[in-house]
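Participant: What follows is each chain in one-letter form.
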Amino acid sequence: ETGVTQTPRHLVMGMTNKKSLKCEQHLGHNAMYWYKQSAKKPLELMFVYNFKEQTENNSVPSRFSPECPNSSHLFLHLHTLQPEDSALYLCASSPALTGTGPLARYTFGSGTRLTVV
Amino acid sequence: GENVEQHPSTLSVQEGDSAVIKCTYSDSASNYFPWYKQELGKRPQLIIDIRSNVGEKKDQRIAVTLNKTAKHFSLHITETQPEDSAVYFCAASNGRTGNQFYFGTGTSLTVIP
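Chains V and Z are the protein sequences, given in the same order.
Going by our numbering, the first sequence opens with residue 1, and the numbers climb by one from there.
Going by our numbering, the second sequence opens with residue 1001, and the numbers climb by one from there.
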């Protein structure tokens, strides 16, 4: 496996539901990220965590709420989503937050395909 | 902020031919440029990356070239094979702003057997 595991792989939820996405990495990486991937758009950075502290919130609506209890686990809590939030949500990790080369190399999870109905 | 543009959005080549994907960036401070390959239904995977102190890097059939003056970098795949069919993403980072990568919109490559 890749070292970054995301669950569930697929999720269908109604606009009034509450659900959570989970990401887990056992690579010893210190930084973790949530990205949104929509068709024909660049990957959009949502949140960045470094040593379980949030360092970036890229103007994400409050209906998305991240949680990072430790440097190996990352959650994305979802509530009252809109149909336009349907997308592939990717988690990634990297050895460090800054720098270039090997320290910046992402390992992605396989993503959660979210459909909001 | 950085703006990364990627072309073409779709590319079809015959097996054995070469494929070239080009990205341009706007921030002259960007100094790290990875390329990711995403097969259908799978996660993006790093295939090659280049730092700004190098003009070219090769790994078997894959190469990346960087022109810092013109602010563009390209992915070259030679002797393409059907398993090269995937979406390829370029990205740029200056390594300062929280390791944020700015991604291109992706190129869907189809290698026709």
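A portion of the hints provided could be inaccurate.
[What the hints assert, rightly or not] List time: in silico DMTMM-like cross-link candidates among lysine to aspartate or glutamate, alpha-carbon distance up to 25 angstroms: (1) Z/Lys1058 - Z/Glu1005; (2) Z/Lys1042 - V/Glu24; (3) V/Lys36 - Z/Glu1079; (4) V/Lys40 - V/Glu67; (5) Z/Lys1022 - V/Glu44; (6) V/Lys36 - Z/Asp1059; (7) V/Lys40 - V/Glu53; (8) V/Lys36 - Z/Glu1005; (9) V/Lys40 - Z/Glu1056; (10) V/Lys36 - Z/Glu1015; (11) V/Lys41 - Z/Glu1005; (12) V/Lys41 - Z/Glu1083; (13) Z/Lys1042 - V/Glu53; (14) V/Lys40 - Z/Glu1002; (15) V/Lys40 - Z/Asp1059; (16) V/Lys40 - Z/Asp1084; (17) Z/Lys1071 - V/Glu84; (18) Z/Lys1042 - V/Glu44; (19) V/Lys41 - Z/Glu1079; (20) Z/Lys1042 - V/Asp85; (21) V/Lys36 - Z/Asp1017; (22) V/Lys52 - Z/Asp1027; (23) V/Lys40 - Z/Glu1005; (24) V/Lys40 - Z/Asp1027; (25) V/Lys41 - Z/Asp1059; (26) V/Lys22 - Z/Asp1027.
Treat the hints as calculated values from the structure; they're not laboratory data.
Participant: Hint compliance check: list the failing hint numbers for this structure, sorted ascending.
Facilitator: Result: hints 3, 4, 6, 7, 9, 10, 13, 15, 17, 19, 21, 22, 25 and 26 break, sorted rising.
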